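A.B. asks: With the hints as extra help, turn the sequences into a complete structure.
Each chain, letter by letter, is given below.
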Amino acid sequence: MGKYLARRLASILPTLFFVTVLIFGLQQLLPGDAAVVLAGEDQDPGVIAHLREKLHLDKPFPVRYAYWLGGVVQGDLGESLRIQKPVTELIVEKLPVTIQLAVMAMLIALVIGITAGVVSAVLKGTAWDYAANIFALWGLSTPNFWLGIMLILLFSVQLGWLPASGYVSPFEDLKANLAAMIMPAFVLGNAIAAVLMRHTRSAMLQVLNSDYVRTARAKGLHEHVVVLKHALRNALVPIITLGALEFGTLLSGAVLTEQVFSIPGFGKLIVDAVFNRDYAVVQGVVLFTATAYITLNLLADLAYFLVNPRMRG
Amino acid sequence: MKLRLAFCLLFLVSSVQAQTLRIGLAEDPDILDPSLARTFVGRIVFASLCDKLFDLDEKLAIVPQLATGYEWSADQKSLVIKLRSGVTFHDGEKFDAAAVKFNLERHKSMPGSNRRGELAVMSGVDVVDAQTVRLNLSAPFAPLLAVLTDRSGMMVSPKAAAAAGEKFGAAPVCSGPFRFVERVAQDRIVVERFANYWNKGAINFERIVYTPIVDATVRLANLRSGQFDFIERMAPSDVPGLKSDSRFKVARIVEIGYQGITINVGKSDQAQKNPLGKDPRVREAFELSLDRGAIVQVAMDGEAEVGNQWVAPTNRYYGKSAPIPKRDVARAKKLLAEAGVSNPSFTLMTPTTSDAQRIAQVVQAMAKEAGFDVKIQSTEFATSLNLADKGQFDAYMLAWSGRADPDGNLHTMLACKGPTNYAGYCKQDVEALITESRTSLDPAKRAQAYDRIAAQVSKDRPVIYLYHRNWLWAHNAKLTGLRTVPDGMVRVQGLKMN
Amino acid sequence: MLGLAFVVMFILMGLLAPWIAPHDPLATSWSAIRKAPSVAHLFGTDEIGRDVLSRVLWGARASLLAGVVSVCISLALGLPIGLLAGYLGGWTDGLISRATDAMLACPFLILAIALAAFLGPSLTNAMIAIGISATPIFIRLTRAAVLSVKVEDYVEAARAVGNPHLRIVLRHILPNILAPLIVQATLAIAAAVIAEASLSFLGLGQQPPAPSWGSMLNTAKNYIEQAPWMAIWPGASIFLLVLSFNLLGDGLRDALDPRHS
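Chains as they are written, first to last, in our numbering: chain X, 1 to 313; chain U, 1 to 498; chain G, 1 to 261.
Honestly, the hints are just simulated from the structure, not real lab data.
Misleading hints may appear alongside valid ones.
Unchecked claim - Within a straight-line C-alpha distance of at most 20 angstroms, the following computed DMTMM-like cross-link-like pairs (lysine to aspartate or glutamate) qualify:
no., chain 1, residue 1, chain 2, residue 2
1, U, K167, X, E53
2, U, K167, X, E89
3, U, K390, X, E41
4, G, K35, U, D355
5, U, K390, X, D58
6, U, K101, U, D126
7, X, K54, U, E166
8, X, K85, U, E166
9, U, K108, X, D58
These numbers come from a predicted model, not from an experiment.
C.D. replies: Spelled out as structure tokens, the structure:
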């Protein structure tokens, strides 16, 4: 156990190092001079020269990387040049929005995905099973942004039930907050529900055929007790692991969904920063979400390891 | 008693709500520091935060705001400005001549200041007395007053500016009708009524919340569902739908900026490698292949005014000797034959926004009828600026948000050393006329100079100007007192919710 | 095999577009701006008067091409690197695995957006960007497959008789790891089609006026109220094409991978 943990932890640092190189390198590859973009409409040469110096754009690549990494190690992710705000502050500002969206999407995905998975495994070969499978294929095959547009068209424009977009803080108005978040959360949850459904189904089928479930049945227990208490509980382990990974992906921001619904989370922050060449923001936020992803990955692995003794050998 | 209290509370709550004005912006503003700011949308927020020395009215005339009057010296190389008394900044500091001197010098000396270019001719500022300043110029400069109606004329508290240094934009302190409360990036900017505002009678809201929503359709949907009272820049295609809804009103003003196609005529040697940059006849043919009226109808749903100069035809400085040419495909074809290129091909660098792409595709289809093969190269904005700067383009679809003085729409693009002269246009006679137009204070003389510039530029075609958009504002029908000034700023003085 | 039938249908649609499309997909008509579906234009017309049906038919080309080519790029990069990591192990494997982890930790679409912006917007560059961004999945899959095959008796035997490494990899390992890769590739095409649509939706894909479902959606979202048909058809097409590849991938998995049923 200790050895596995140590090995797993040791692999994090080199991975993070690669992440920093990757995002920094990619940023610097982007064409278009950040100073020129930030100088705005007027393109004053004096302003451009000043910004170039401030951004260390006049220095060679390794020096700039060293400047940035030096700051990161000290917890300083730099400052958004566009709006003069420290990147850490931006992350703190956007984190609650992103987490709320991720949690809501995950809840929707878990409820729909696990229910559909259990139903289709228990009723294998029936119309219910087919319906659940078709639903999963639908979830996997709809482009998020298109589904978002269609939902807006239906619920906001045609029916007028929900606001088209925008974000309201839950502390200001919880009802408005939920109304604004439900559609984007559904769009995101829909796709994950499909993945979860498929895994739940196969895990359940495996468990339902196992010896101890047969024993439980032989003992004359009610079928729903067998399914829920014995089978589902065992099938849940891989599902939760998968859920943790999907949650990690959600944290890195739902790029297009946030764009369509104007939700001010990480995804919108990063994309806008890429287009505005606000280097510090792109680098800082991606580094943050990548770290979160790697950490969740680690936790999922550990959980799996703890629950699944076979892996310890 | 209890009931009365509850009633009072209820009244209080509803009246507080009514006193908040919620504005939907088309973009997230940049730094809120008048010296460093560089976006159009940022100026809309400044309109409630920071008063300026001068302002513009609906007819683009210059009117005093923090100033009360001005006088040019006989040699036109100094401008004396009388200042309003009894004005205080949001932090309680007094607004006086020393503050004006501080601000103008800050615009000129602050590292990264975007104001240095427009204040270049200003060599110094003298405090004459507490309410009078004198701006000394190295040469007469006609656009100066107009420049002072924009960010260069905005006055911030010297004390706060000195304390905050380059971080001032994170929490600006000015003397406008509203003071800064908070800003959440990409989400909202909140300002609240400033109790000691010198013109507080004109202010009828307690708070203003500015929220950026980039997508025009979504912005409008939020107005309709009641989340906004006012939105700027609605999509032209949405106007007919909103007209039938009596709860809302649409206001429109022709912008002071322009939309056009900048052609590389001498920015780099690429100009000579392309028929469009090389041969003026090919440019003429290209312009003749375009039907501006149809472009406006198709691509803008009619919400723009056609034009062929850097100012709209209704502007007093529009050059009458260069009227808008009519579409003439036959003549375009003839010109191409004369130039020896019957099927010229060039790339049109276009921003990735769907609006720009729509216009580019309409232009492409029209030019094709005259034999042009226009290749649309949609380019991310950041990249396009760099390519334009290096001259690595044939033609570039570019918009300019506009300045109150025509010089601001002309000098930086067409003067030989203009920072946004992407065309690489440089003609000595035009250069001399541009200098004349900006150094003369006599409107008649200026108009004459602009007329001659227009005549020449419309022959050389470094920029083919297409049209001037309408600023389209949509708002709650109960909102009154809206002033439609062509600079597209939302003036909050006089705004009222009935 | 419903999936296969659909995929073939879409391929035919793309190939035969010049003959079956009722109109020129680029022909504009100033008098038919955003007209609702009618007999002349079954799917309606778009913002500059082009026939939506014809554009949807021609758009199949961009989507299919993007899906297939970008996955080929992923495979071409991911397969050799994965083989290298899995077969050599040790230091090389560690390095490659960490780099793969790093790429997987960065959001896929952000990688693709940055790469597409770097290369410049065009369909070809979008395919390259998607291909590179999807590579780590194939590296990881190949590596895992190699690891499990490497210890099989026949590989040990081949090594024992002194076969050169390249021969072992090509003759003994590669054929035995292809099945899961083919399944993954089919599913990846589905993902790549969505990715291309997403990039085009952001203006970083297919160049106008050439039709692509993603860029059609990008324009359509501005007219969602006045002209919903502009959004419905390209969106439904993306959905159907992706669905077909997912079905095909499922079918292949059932056929090729006996452990999974």
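A.B. asks: Hint by hint, note whether the structure agrees.
C.D. replies: Here's how the hints hold up against the structure:
1. U:K167 / X:E53: holds, 17 angstroms
2. U:K167 / X:E89: With Cα atoms ~14 angstroms apart, K167 of chain U and E89 of chain X stay inside 20 angstroms; holds.
3. U:K390 / X:E41: holds, 16 angstroms
4. G:K35 / U:D355: Given that 20 angstroms is the threshold and the Cα spacing comes to 19 angstroms, the pair holds.
5. U:K390 / X:D58: Within the cut-off at roughly 18 angstroms; holds.
6. U:K101 / U:D126: Holds. K101 of chain U to D126 of chain U sits at ~7 angstroms (cutoff 20 angstroms).
7. X:K54 / U:E166: holds, 12 angstroms
8. X:K85 / U:E166: OK: K85 of chain X and E166 of chain U at ~11 angstroms, within 20 angstroms.
9. U:K108 / X:D58: violated, 24 angstroms
Violated hint for the displayed structure: number 9, the only one.
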